[in-house]
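Those letters in the sequence shown? Residues 21 to 253, by the working numbering.
Simulated from the structure, these hints should not be mistaken for lab results. Some hints here could point you the wrong way.
As the list claims (entries may be wrong) - Result set (SDA-like, lysine to any residue): computed pairs, CA atoms no more than 25 Å apart in a straight line:
1) Lys142 - Leu84
2) Lys142 - Cys105
3) Lys174 - Val65
4) Lys115 - Thr223
5) Lys115 - Leu61
6) Lys115 - Leu220
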Amino acid sequence: MAAVTAQALPARFGVPLALLALLLLALLLWQQRPQRTAPQLQQAVLLARPVSLGAFQLQDHQGLPVQPATLQGRWHLLSYGYTYCPDVCPLTLAKLASLQQQLASETEFSQPDLLFYSIDPKRDSAVELAQYLRYFAADIRGLRPDPQAAALAKPFEQALSLRFNVQNDGVAPDSSDYLVAHGIMLYLLNPDARLQAVFLPTTRPGVTVPEFDVDVLQADYLAIRRYLAARQN
């Protein structure tokens, strides 16, 4: 068998070597591409994969049914609690109302619609929710388990990992004088009605109730929206 000389290499291997060179160049360019790093967030945690909220059904403060399709097409920022809450809930809702006012002047992205989910449907009727929420902002949408299909609220609560516990020790069974212990988080839902990010409060020295900073909420929300918009381009 004849030996392969150096002069024969280009003729026999020219095309494969050219392809290899192109592949190496493409790999180099890919490695040097601009990286879309995750945004630097202060009070928010952006989920790598949005989480489905399941096949839930709720009722809003006007008595209307709310399902996943109801929330599609818009961004939503959801808090949860109950109208008899003495501190955390009114403080958080006041912060969200301020956030909504600040975002109203933003032209880069639309502001999220605000939602408040009641974990105390025994006392928080649709009417009670409507009266309570108007103290904070006219367009906060109240949500509660549907009285006709309470079990259909479970997928919603489980997907968001809502934590709450009725504290009625020593209280008469028919009494309405009780507290509900619950967590403090905000949930950002994307236009597919999926959980996109979670906002966590901070505790300042000398302040016993964890709270959100409106300016930080605004910065984190806009950073998330910019990051996700860049990923789509």
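Hints, one by one, checked against the model:
no.: 1; hint: Lys142 - Leu84; result: 18 Å, holds
no.: 2; hint: Lys142 - Cys105; result: 14 Å, holds
no.: 3; hint: Lys174 - Val65; result: 23 Å, holds
no.: 4; hint: Lys115 - Thr223; result: 15 Å, holds
no.: 5; hint: Lys115 - Leu61; result: 18 Å, holds
no.: 6; hint: Lys115 - Leu220; result: 13 Å, holds
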